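Colleague: Here is what each chain is made of, one letter per residue.
Protein chains: 2
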Amino acid sequence: MGNCLVAQSGGPTAVINATVAGVVKANQLHPYYDKVYGGLNGIEGVLQERFVDLTNMSDEENRILRQTPASALGSCRYKLKRDNTADFEKLFEIFDRYDIETLFYTGGNDSMDTVAALSQYAKDHGIEGHRFVGCPKTVDNDLMLTDHCPGFASAAKFIASTALQTWLDVNVYTRQEVFILETMGRDAGWLAASACLSGIVDLLILPEVPFEEEAFLEQVRKCIAEKNKCYIVISEGCKYADGSYLTAKNAKNDGFGHAILGGAGETLKNILLDAGVTQRAKVQDLSTAQRAFALCQSLTDVTESFQLGMSAHMRSTDGKFTGKMVAIKRKEGEAYDTDYIAVDADQVANYVKSFPSEWILPDYQGITEEAFAYLRPLISGTPVILYENGLPAYVKPYYQR
Amino acid sequence: MGNCLVAQSGGPTAVINATVAGVVKANQLHPYYDKVYGGLNGIEGVLQERFVDLTNMSDEENRILRQTPASALGSCRYKLKRDNTADFEKLFEIFDRYDIETLFYTGGNDSMDTVAALSQYAKDHGIEGHRFVGCPKTVDNDLMLTDHCPGFASAAKFIASTALQTWLDVNVYTRQEVFILETMGRDAGWLAASACLSGIVDLLILPEVPFEEEAFLEQVRKCIAEKNKCYIVISEGCKYADGSYLTAKNAKNDGFGHAILGGAGETLKNILLDAGVTQRAKVQDLSTAQRAFALCQSLTDVTESFQLGMSAHMRSTDGKFTGKMVAIKRKEGEAYDTDYIAVDADQVANYVKSFPSEWILPDYQGITEEAFAYLRPLISGTPVILYENGLPAYVKPYYQR
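Here the protein sequences line up with chains E and Z, keeping their order. If you use the numbering used here, the first sequence corresponds to residues 42 to 442, in order. If you use the numbering used here, the second sequence corresponds to residues 42 to 442, in order.
Quick caveat, the hints were computed from the structure, so don't treat them as lab data. What you are looking at is a predicted structure, and each value in this text was computed from that prediction instead of being measured. One or more hints might be untrue.
Identical copies look the same in the list; a pair holds intra-copy or inter-copy alike.
For lysine-lysine, the following DSS-like pairs were computed, each having C-alpha atoms within a straight-line distance of at most 30 Å [to be verified]: (1) Lys122 with Lys394; (2) Lys394 with Lys370; (3) Lys361 with Lys76; (4) Lys120 with Lys361; (5) Lys372 with Lys323; (6) Lys370 with Lys131; (7) Lys122 with Lys263; (8) Lys361 with Lys131; (9) Lys323 with Lys131; (10) Lys131 with Lys268; (11) Lys437 with Lys263; (12) Lys323 with Lys263.
All chains, full assembly: derive it from the sequences and hints.
Modeller: Printed below as a string of structure tokens:
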């Protein structure tokens, strides 16, 4: 038999490594591939033949890998352009040389595009014997055709926990307080909305609802008049009706042409101060911590991420399984349960799944019961975390070895 | 027998409620006082006779209270001025009317001043039958005469955990990265220094060392040249040699005449960008979360906070125990262990314990082995946290009931 290769792309999450751990473990349970290579720094490192051998990972390392946040194999933002024939030729040459039958690629939109592009290239050129399988991950939860994305729930749990705990802090004084919590999420409001799980959010600003300054200020005034406090959650990607970001002034681009967001909380604070609705406001921008805080892993999330990796491996033993992403489907019924299904990667790539508008209450008042019913099971359960000297044990990144 | 009153002051911590839980539990084990009142919003609420009865708190509530961050009784920044006779007269009138023998007051510098002032007033005016006992708490760890302060270690654990986990995130790309983590700590570097427990900090900026821009930039350049990354931790209170804060531009005052700090990370980022040592830098300001994140409680910390409350109660049954703060003394020897001791509150009030200069390495290189030996045991152990619907269970604040 040949070998397989697993690599990670895009922004990391608190459970992204569990998918890699799942692929590795599946191959130990059923050694279909002779070797499980880890590709360092995504497709960029694959092009440079930067591989590590994960085949014989110990069970202890596998377990600690599952609680290690961020991409242990390193990541990249390199986008395989479909007209860059040189890259494709080089990749297939490398796949042949290392006898790589299957590439498992974890990532978001752009990574699914890579999966689709490689699969299409092979088909167009009559190249056989290679399979390309996508594994979703993104804290933003904005991928199509999957009920949710591994990584989202743990970030949601961290956000809701932080909202709850900072709210307790914000309330201790009798004085007026306005607190602004800024979350990630890009153009989708999933992460910001998840803060509502804490039950303490007064006002919620999502990218899906055009921000109307006067209407919002009115809600803040009302809230302060009522209880002298106002706890606001704002998504980094919130926009005015004309489509410009609140943070437009600071906007730059990352390598993919995506705007670099962040700063929405500070911008909102200045709007509030300028309007005179409050004399003081605190901002907590959760920044990198929200996608890296594995101490807040949801047991549901880390389990699903691991199982999804196993499912991807097991499905890949069918010689025709290519150009697919393994997705999560929520079963019908009262109790939360899921199936793993296969969807076409090109149906996922380059689309964005927004937070459903019918789940958003008017006047920045938060989210509906349907939204709560969707979100609640995702953050349930807490894995047993292993510690070393008082801090979470972690696997030394493979790209640093 | 008479009653006792417990109240909380100053900025909250992740374990401040454990001291209250300790006082309550001690009185259940030995009902020396008929009633344990909780005073809402510190001395400010006591002056308004805003009391709750905590005497018969259930064991379950006691346990959840210990994992509830922020002051469950509410807090205040009201400073009892020694020349404000009206306040003192009113307080003693209230103590008499509610038959309050002992006031337990948790807080920092200013709260210890309140304890000392009330005790002194009673002495000066020949008032007998009232005792005033301070219980230290502050994430800043800057109180004299105690080895450390309850609340510090849990914040330190959160900071070190976040440093470790965000560092893993920061390293996933091959590109150059500068990451700046900003911590609280006011004029003392304890919290910032504790980030070094993660083992990943490249450069550390403490308030105890005058900040020299050029010398620091040189270190950043060196670090980037060496590994293309630089992880910097900066304390909110860092200053130039002339004593002005890095954040001086934004400085305001709180009610106590203390500068409102914060923003040191952003300021440093701009210094780095302006100097051209890097093209990009990310800032994570831990803000309120670092003192509120009870999911990162250190077991050592929460246990000590609880035991300190019990010790305060038990000592107060000696009719002469007043004007004292219960402090923590580290025992000699290899294994970490502590004694609870009594110190004079007026020896604590209005002093600041800085991070020892002999524990600071030159050139922003972090801290010495002695510092690690001091810090390491404080963050050890993780309590079992009770959850409800995927989020940490908490006690509804008494000031909201």
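Colleague: Indicate, hint by hint, whether the structure satisfies it.
Modeller: The hints, checked one at a time:
1. Lys122 with Lys394: within (23 Å within a copy, 58 Å between copies)
2. Lys394 with Lys370: So Lys394 and Lys370 pass the 30 Å test inside one copy only (15 Å; across, 56 Å).
3. Lys361 with Lys76: Answer is within; shortest intra-copy Cα gap is 20 Å, inter-copy 75 Å.
4. Lys120 with Lys361: For Lys120 and Lys361, the Cα distance is within 30 Å only inside one copy (25 Å; across copies 74 Å).
5. Lys372 with Lys323: For Lys372 and Lys323, the Cα distance exceeds 30 Å both inside one copy (41 Å) and across copies (40 Å).
6. Lys370 with Lys131: Result: close neither inside a copy nor across copies, 36 Å intra and 65 Å inter.
7. Lys122 with Lys263: neither (51 Å within a copy, 36 Å between copies)
8. Lys361 with Lys131: So Lys361 and Lys131 pass the 30 Å test inside one copy only (23 Å; across, 84 Å).
9. Lys323 with Lys131: Close neither inside one copy (51 Å) nor across copies (34 Å); limit 30 Å.
10. Lys131 with Lys268: between (63 Å within a copy, 28 Å between copies)
11. Lys437 with Lys263: between (50 Å within a copy, 24 Å between copies)
12. Lys323 with Lys263: Result: close within a single copy only, 19 Å intra versus 35 Å inter.
Checked against the numbered hints given earlier, this structure breaks hints 5, 6, 7, 9; the rest are met.
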